[in-house]
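Chains as they are written, first to last, in this note's numbering: chain L, 1 to 230; chain V, 1001 to 1283.
If you're looking for bench data, these hints aren't it; they were derived computationally from the structure.
These numbers come from a predicted model, not from an experiment.
Quick reminder that beta carbons are idealized off the backbone N, C-alpha and C, glycines included.
Do not rely on the hints blindly, as some may be mistaken.
As the list claims (entries may be wrong) - From the derived model, a few chain V residues whose C-beta atoms are all more than 10 Å from chain L:
(1) Q1003
(2) R1010
(3) N1054
(4) D1113
(5) P1145
(6) T1190
Stated by the list, open to error - Have a look at the derived ranges for each label pair, beta carbon to beta carbon:
(7) V:L1019 x L:G43: 47 to 55 Å
(8) V:D1044 x L:G66: 50 to 58 Å
(9) L:V42 x V:R1278: 56 to 64 Å
(10) L:P97 x V:D1113: 37 to 45 Å
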Amino acid sequence: MKRLVPLIIAICAGFVLIIANFIPYAQEWGSTAQEWFNILAVGAMVLGGGNLIKLHLMKVSAKNKGWGYSVVTIGCFFATLVIGLSKMGVHPNPIYPDYDWSGYYLEEGSGLWWIYEHMVVPLTSMMFAMLAFYVATAAFRAFRAKNTEATLLLVTAGIVLLGRTYAGVWLFGWLPESMEWLRFDNLTVWIMDIPNTAGTRAITIGIALGVVATSLRILLGVDRSYLGQD
Amino acid sequence: MYQFLKNLDRRWIFLSMLLAVAIPILMRIAFPEVVSKQAKMVFDAVESIPDGSNVLLSFDFDPASEGELLPMAQAFTRHCSAKGHKQYYMALWPLGSPMVDKSLDTIRAEYPDLEYGIDYMKFDYKAGGEAVIRMITTDLRGMFPLDSRGVSLDDIPMTKNIKNIQDMDLIINVSAGDPGTKQWVQFASTPFGITTVSGCTGVQAPQMYPYIPKQLAGVLGAIKAAAEYEAAIDEVYPEIAANPKAQEAKRRMGPQLVAHSLMVGLIIIGNCIYYVGRKRGDV
Chain L
1 MKRLVPLIIA ICAGFVLIIA NFIPYAQEWG STAQEWFNIL AVGAMVLGGG NLIKLHLMKV
61 SAKNKGWGYS VVTIGCFFAT LVIGLSKMGV HPNPIYPDYD WSGYYLEEGS GLWWIYEHMV
121 VPLTSMMFAM LAFYVATAAF RAFRAKNTEA TLLLVTAGIV LLGRTYAGVW LFGWLPESME
181 WLRFDNLTVW IMDIPNTAGT RAITIGIALG VVATSLRILL GVDRSYLGQD
Chain V
1001 MYQFLKNLDR RWIFLSMLLA VAIPILMRIA FPEVVSKQAK MVFDAVESIP DGSNVLLSFD
1061 FDPASEGELL PMAQAFTRHC SAKGHKQYYM ALWPLGSPMV DKSLDTIRAE YPDLEYGIDY
1121 MKFDYKAGGE AVIRMITTDL RGMFPLDSRG VSLDDIPMTK NIKNIQDMDL IINVSAGDPG
1181 TKQWVQFAST PFGITTVSGC TGVQAPQMYP YIPKQLAGVL GAIKAAAEYE AAIDEVYPEI
1241 AANPKAQEAK RRMGPQLVAH SLMVGLIIIG NCIYYVGRKR GDV
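Work the whole structure out from these sequences, hints included.
Below, the structure is given as structure tokens:
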């Protein structure tokens, strides 16, 4: 029963969406299925939060390595949840002044806005910015022309790196008009338009065929791996 | 020299990258931009539709990619505002909503004549990703009965007659991943033939090129394309060209040039060390 019911739901939902896509009369069924999906997506967020808490509480209770970080995670999770749900510091919406919680949750000066502006923005930006430093050391230590393929990749990377800046124009600006295609910026456009597009199309078509095959296996109940082990 | 470079402490590389980025920013080094074919295609897609057309702008990115994507998002906002397009903003990412707010702040500060609800409006974030797109292609009110201020769509002049996003003349998507441009192409642009342009991160750009020109009217890949798009706008709109805040992407091309040159230099030095080491039997 534990496996049969989810299996029937998945098969029915899958076929409803396929039918809704091809038969105009059944389009409404597709919209209803989408609404269910949206409700489930919200439920999944709650499930995700619960799972996060469970995992970190287990780590803290077992005093695993780095359990202190888990305490910080749990603390931040609940602080953000309480501040966000209670709309701390949010003023009522001018259209509905009698309703205390009617204001915009990220209103400037509110608690959640403060967390977003002073914690989320700097932390996520910093994580992304750190990549520049690690990519630079990786370029110095690991990007080696060990064989023909690696050399091709290296040359292409060099052209694109310079072609995506003014250096692409400036380095070969002296070339006559008939040889302008040799300029790094023009070569970058060619690399992106021709070899890259051809390769990406091939990969995309391959993935699409794989998705069709996997979807069919799920719809026909052959592939049940998504139901888990127990 | 060989031994010195071979054992070079990586902190020197970190320091050189810091200087490569910081010096051009502090010295305000900027370079002229040549408008590429892709940037021109995106510019033409926004420019060629009649003034006052309905444009849906979905900002599907978060603060992690703000540095790369916000300048192009703002450029789209300024271009649409200058053209007098009706702008419908939304976000498929939970942290995308504040990115939209930055564009609304830009409209309020730089285009005070434009009015909320008449010239621009915002839908709030809804969970579901691609399912949100699928839903609004047929039933906008089913997904968004209210705008982000809690006002019914029937009471907002610019949404009163909008049934679904098939009523849009153009979709502009600024995307840092999934859900993003790929989903807009799959569920809105391709099945309903809505003209769509995309601005995306450099990592994503190669995956978007195969959709051009039928499923996507153009793609802006990373900050370089954003700078070219700004240059294209500047050529036609002198009031935007005179606005220093509208040159953010161009300003970032200075650090990009020096940082990329440093990267190429590091790759060359790294390979020289590798070859010398191989000759000496050191690798």
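Comparing the hints with the structure gives:
Every CB of chain L is more than 10 Å from the CB of V:Q1003 (nearest about 15 Å), matching its label as outside the interface. Consistency note on V:R1010: stated as away from chain L, yet its beta-carbon is not over 10 Å from all of that chain's, at 5 Å minimum. The non-interface label for V:N1054 is consistent with chain L: the shortest C-beta to C-beta separation is roughly 22 Å, beyond 10 Å. The claim that V:D1113 is not at the interface with chain L holds, since no C-beta of that chain comes within 10 Å of its own (minimum 22 Å).
Non-interface call for V:P1145 relative to chain L: holds, since the shortest CB-CB distance, roughly 13 Å, exceeds 10 Å. Every CB of chain L lies more than 10 Å from the CB of V:T1190, the least distance being 12 Å, so the non-interface label holds. Separated by about 50 Å at the C-beta atoms, V:L1019 and L:G43 satisfy the suggested range of 47 to 55 Å. Hint check: V:D1044 to L:G66, Cβ distance near 53 Å, so the stated range 50 to 58 Å holds.
Taking the beta carbon of each, L:V42 and V:R1278 are about 58 Å apart, inside 56 to 64 Å as hinted. Under the hint 37 to 45 Å, the C-beta atoms of L:P97 and V:D1113, about 28 Å apart, miss the expected range.
Hint violations for this structure: numbers 2 and 10, all remaining hints satisfied.
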